[in-house]
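Per the working numbering, residue 96 is the first one in the sequence shown, and the count goes up by one each step.
Don't take each hint at face value.
No more than 20 Å apart at the CA atoms, straight line, and that leaves these computed lysine-lysine pairs for PhoX-like [claimed, not checked]: (1) K264 with K250; (2) K249 with K115; (3) K315 with K220; (4) K358 with K99; (5) K104 with K115; (6) K324 with K161; (7) K252 with K264; (8) K264 with K115; (9) K196 with K238; (10) K220 with K291; (11) K315 with K305; (12) K235 with K291; (13) K358 with K196; (14) K220 with K305; (15) K264 with K249.
Ranges between beta-carbon positions, derived for each pair [what the hints assert, rightly or not]: (16) K104 with V262: 18 to 28 Å; (17) K264 with V213: 13 to 23 Å; (18) G183 with E313: 25 to 35 Å; (19) S253 with E355: 29 to 39 Å; (20) D277 with R97: 31 to 41 Å; (21) R304 with N281: 10 to 20 Å; (22) G183 with K315: 19 to 29 Å; (23) F185 with N287: 22 to 32 Å; (24) E344 with N216: 43 to 53 Å; (25) T123 with S98: 12 to 22 Å; (26) V262 with I293: 39 to 49 Å; (27) N287 with G236: 17 to 27 Å.
Simulated from the structure, these hints should not be mistaken for laboratory data. From a predicted model like this one, the values you see are computed outputs, not experimental measurements. The C-beta atom is built at its ideal place from N, Cα and C for all residues, glycine as well.
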Amino acid sequence: MRSKLEVLKKLREQINLEVKGLENYDTTAPNLIIANHNCLMDIFCLPMALPEEVISLISARLIYKKEIPRQQMVETYLQAMPIEAHGGAFYSDACLDSASKLLQEGHSVSIFPEGAYVEENVVYKGRTGASRILYTARAKGIKANLIPVAIDVKKTKSTLDSYEPPVSKVTVSILDSINYEDSYENYIHSHNRELKNIYLHQPIDEGMRKIADELGREYKDEYIILRPKGNVIFANGETIETENAHTNEAHLRYNNELEERVKEFKKVKK
Numbered sequence: 096m097r098s099k100l101e102v103l104k105k106l107r108e109q110i111n112l113e114v115k116g117l118e119n120y121d122t123t124a125p126n127l128i129i130a131n132h133n134c135l136m137d138i139f140c141l142p143m144a145l146p147e148e149v150i151s152l153i154s155a156r157l158i159y160k161k162e163i164p165r166q167q168m169v170e171t172y173l174q175a176m177p178i179e180a181h182g183g184a185f186y187s188d189a190c191l192d193s194a195s196k197l198l199q200e201g202h203s204v205s206i207f208p209e210g211a212y213v214e215e216n217v218v219y220k221g222r223t224g225a226s227r228i229l230y231t232a233r234a235k236g237i238k239a240n241l242i243p244v245a246i247d248v249k250k251t252k253s254t255l256d257s258y259e260p261p262v263s264k265v266t267v268s269i270l271d272s273i274n275y276e277d278s279y280e281n282y283i284h285s286h287n288r289e290l291k292n293i294y295l296h297q298p299i300d301e302g303m304r305k306i307a308d309e310l311g312r313e314y315k316d317e318y319i320i321l322r323p324k325g326n327v328i329f330a331n332g333e334t335i336e337t338e339n340a341h342t343n344e345a346h347l348r349y350n351n352e353l354e355e356r357v358k359e360f361k362k363v364k365k
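Please model the complete structure; the sequences and the hints are all you need to start from.
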């Protein structure tokens, strides 16, 4: 897969973007970047602000749904991997495992732990997918950095879903990395499901709180409520109702599509 840094630079020229904290970003190791989610354009503003090419873990519908020109924007500007949040544990786990494989291969990966964006100027509790990616890689000996990033962009109801560059200034602040080693050690040595969940949450909670503090926003210690889609979307844009997507055939198909996408990525070095 070819680098998309050059086209991202051209898109960046259309945005009044300020990047802070580049000194906090380590390019000598793979990074897992977690960020708050304001609007659709976040998925483009985040990678264009970073000093290396990253793979964006975003909704499968942004990648696969035949919705032009949004799908064209994603294909043009992003190195993207899908996260399927509406098909149950099998599909979400398969996506997270694929993202962790990329991290293990030396790629840096970004994810929005809130799982969706809302109108309110608040930061919500992050889901644990980022920790699962991180801990799976750590178990394989990969000590990736966990880097929280605060994105400040003004939006309205009419611009939440817009793929047009925002008119107002966008500020992206790269914060100090999170030390998750103690949480990881506690996680792997715990046999209690409730404790494991606590240790999965610890580094992500710390990161999301730091993001809220940086933005001067309220931190809500609760999840955004996701609106269920009721189906799973595949690489060709086909959707299968969730209750019908739990067959060996459908699982194998989805895994094969993820494996093919992982194979497309090659490490792009500066």
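So, going through the hints one by one against the coordinates:
For the hint linking K264 to K250, the alpha-carbon distance of about 11 Å falls within 20 Å, and the restraint holds. For the hint linking K249 to K115, the alpha-carbon distance of about 17 Å falls within 20 Å, and the restraint holds. The suggested pairing of K315 with K220 holds, with an alpha-carbon distance near 6 Å, which does not exceed 20 Å. Among the hinted pairs, K358 with K99 is consistent with the structure: their alpha-carbon atoms are about 17 Å apart, no more than 20 Å.
The hinted pair formed by K104 and K115 meets the criterion: a straight-line CA distance of about 17 Å does not exceed 20 Å. Of the supplied pair hints, the one linking K324 and K161 holds, its CA atoms being roughly 16 Å apart against a limit of 20 Å. Under the criterion of a C-alpha separation no larger than 20 Å, the hint pairing K252 with K264 is consistent with the structure, at around 17 Å. Annotation: proposed proximity of K264 to K115 holds, straight-line Cα distance about 13 Å (limit 20 Å).
Distance check on the hinted pair: K196 and K238 sit about 13 Å apart at the alpha-carbon level, within 20 Å; holds. Note on K220 and K291: the hinted pairing holds, with a Cα-Cα distance of about 17 Å set against a maximum of 20 Å. Taking the CA atoms of K315 and K305, the gap is near 12 Å; set against the 20 Å cutoff, the hint holds. The suggested pairing of K235 with K291 holds, with an alpha-carbon distance near 19 Å, which does not exceed 20 Å.
Pair hint K358 plus K196 holds up; C-alpha atoms about 10 Å apart against a cutoff of 20 Å. Of the supplied pair hints, the one linking K220 and K305 holds, its CA atoms being roughly 12 Å apart against a limit of 20 Å. Only pairs whose Cα atoms come within 20 Å are accepted, and K264 paired with K249 is accepted, the gap being roughly 8 Å. Distance hint check for K104 and V262: the Cβ-Cβ separation is about 20 Å, which falls inside the suggested range of 18 to 28 Å.
Taking the beta carbon of each, K264 and V213 are about 21 Å apart, inside 13 to 23 Å as hinted. For G183 paired with E313, a C-beta distance near 31 Å keeps the hint of 25 to 35 Å intact. For S253 and E355, the hinted distance range of 29 to 39 Å is satisfied, since their beta carbons lie about 37 Å from each other. Between D277 and R97 the CB atoms are about 40 Å apart, so this pair conforms to the stated range of 31 to 41 Å.
Remark: the range hint 10 to 20 Å for R304 to N281 is upheld by a beta-carbon distance near 19 Å. Look at G183 against K315: about 25 Å separates their beta carbons, and that is inside 19 to 29 Å. Checking the proposed 22 to 32 Å range against F185 and N287 shows it holds: the Cβ atoms sit about 24 Å from each other. A beta carbon spacing of about 45 Å between E344 and N216 agrees with the range 43 to 53 Å that was offered as a hint.
Distance hint check: the CB atoms of T123 and S98 are about 19 Å apart, consistent with the given range 12 to 22 Å. The given range of 39 to 49 Å is respected by V262 and I293, whose C-beta atoms sit roughly 42 Å from each other. The hinted range of 17 to 27 Å is satisfied by N287 and G236, whose Cβ atoms lie roughly 25 Å apart.
Going through the hint list in order, the structure satisfies each hint without exception.
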